[in-house]
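Full structure from sequences and hints, please.
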Amino acid sequence: MKTLRTLPAISSLALIVTLALPALAQNTAEPAVPTQSTEVEAAASSDKTTESAATPTTPEVAPPVVEEAPVTSAPLASQALDIGTGFGHDLAATLREQMTALARELSRISSADSLSELTTRIWNGLAGAELASLLASIVVTVGTSLALSALFARWRKRPIAQRGTLAKVQGTLVATLFRLVNLGVAWAVGLTVASWLSALTGQLFILQTLYLSAFALFGLSRIVLALVASPEAESGRSLSWVAPPLQRAIYQSAVVPIGITVQGMMFVAPGLREIAGLAVLRPTRVLVATLALMAALWGIQRVVKAACAHRATDLRPDPAAPATPDLSRSAAALLTRSPGLWAWPARVAALYAWLVAITMPALAGQIVLAGLGGTVVALILVAAALELWDRSGLSAMMAAQNGAFQTLPETPPATTPLLQALGAVASAGLMAFAVVALLAGWGVIDLFALVSSAAVKGAFWRVASAFLVLAGATALWFAVSNLFDRWLMAALPGRREYNRRRTLLRLFRNAFGLAVVINSVMLALSQLGLDVAPLLAGAGVVGIAVGFGAQKLVQDIITGIFIQIENAVNEGDVVEVAGLSGGVERVSIRSIRLRALDGTLHIVPFSSVTTVSNMTRDFSAHVAEFAIAAEDDVAAVHDALQEAFAQLKASDLGADLRGDVDLQGIVGMSDGFYTYRALLRTVPAAQWAVGRRFTQLARASLAARGITSPPAPRRMLLGNTATSAE
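Just so you know, the sequence shown maps onto residues -25 to -1, 1 to 701 in mature numbering (1 follows the signal peptide of the UniProt record, and there is no 0).
The set of hints was computed from the structure by calculation and includes no laboratory data. You can take every hint at face value.
Okay, derived cross-link-like pairs now, EDC-like style, lysine to aspartate or glutamate, Cα gap no bigger than 16 Å in a straight line: (1) Lys143 with Glu207; (2) Lys624 with Asp637; (3) Lys624 with Asp635; (4) Lys432 with Asp421.
Take a look at the structure:
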């Protein structure tokens, strides 16, 4: 538990270092960025126009920047090559520069003179701007979008009729298409209105163009967000594995900072620059970035509360419901078990984006937007990896071990170990790609340079060829297994042919699967560049050693093969082998499992089997022998047994009889009685039930005719001698 508590701090520290790397690279490689910022500062502090302010201030401010840049950048560039203590100095210097620039910006913006000057500039600019046409464009685009959303709202909230992943993906794509149509129609209507007003008034619609661009980008951002966190997730039109309440909370929490950032940076800040001058650009950018930061922190806290509330309500097991885990429960457990694992790194990323937007605005698009894009791609890959992990049946076992479910599912996942292994490998691969996308997005690694290198290309094609070999082997395995299943289903369950085919199917499937695994692994290793000749030689030596050292095992396998070829025993038969009798539960390549009458399970290796006595092959028989007193008539006994057989034939066990009863007559004589035998043939494995019923009916019929069994002999003990008395 202590380790889990320290993970948020460790992950946050790692994220800070990761996020600082692009800034380090930009500071060491591009010394011209401070020059650009100082030009904007000089232009913003001037009382003249933008053109007259920018020209005289550039030569005054540029020399100290040029002189100071080598002093700061050269040590950073030399120390960045040292992976030891130099990295800490670089990180501290970069953070110190950013904090100094941040303090300078905030102090300059918060001064009373600057605020009054900016207010005057903005007010004068708004007074001279044509806000009526801009307001008309905003009302038309927003109204059209809301009207179309209300028109399609009932369809979007309607649940998908079909079940399954394909139907879910299809429904999500159709909903995305409708959202794109909604956005395109609203944007086209706004553009038409802006063009008409521009032609009517004769003025350029710069503000309308900025607004329409921001409107389109914000709409596309909402559409992409709805793919993984849909506000109508209850209908099933979402590609996310998160529960619908959590998806709605994530969407509502993320759309606010996205809207503030897009509309503020693409519409508000450039628009105020057009109407009030360049001096209002930095204060507006700081205000927009601060509002977006506050909205992002509020949204993260809201998602944390929603996830914890969902865990407290939906993850509580219902005693009346079956204990079968689903994907939403696994995802909710992942989100809510340790919120600090993702909440604190998200807060650190938001703070870093705010710092970059204020101190390095020229790099904001390169660092923040690319980093956020890489983060989104990484999250999508992680979601796909978790879904594969859940479908492989491994998440249910991990959830049960970690306490997400109080009881294990009654029905285990219908996946084989091969599918579980493939699912685990695919999940690990997607996780690796997610890490690469995250690092490439934040500029830690150069993905294009990495991919274009000869070593990476060679490794990629080796891994791809090995993966194709494994995929082909898997497809071959499933195809042959499907053929085995079709061959098995050709015989009806319960028949002898079905049991034989099921036994042979298991043997052939195991042997074929072993051969496929060995050959596919060898081919995959050879594709990866490994020399498999020593492995084959070693396997041959191991095979010889096993052949000499495990002769008993070889004898078991060979005997089992011949027993199956001769069709001596199948699953479901009742046999006697090695002095043990019972029902056959399973026949493997080297042993047979017998279930005795008292429930004892016997596992008999085939090397111990010399004789197989099958009591359920083709037909069965019950031998009934009755001890009759010597004075009773044989004809009366014959009639009594015929009557008992007639009653048996008319009962529910009559369908299990084969032919009439074979009354063989007297088969033995003894003192005072004789033995009368009757033979009944039955279907396989029905002789015991038929024998019990026939004995009961025969005793009743004999008693009705006064035919009794001889009394048991008695023994009288007198002293040390023993005599028998009748």
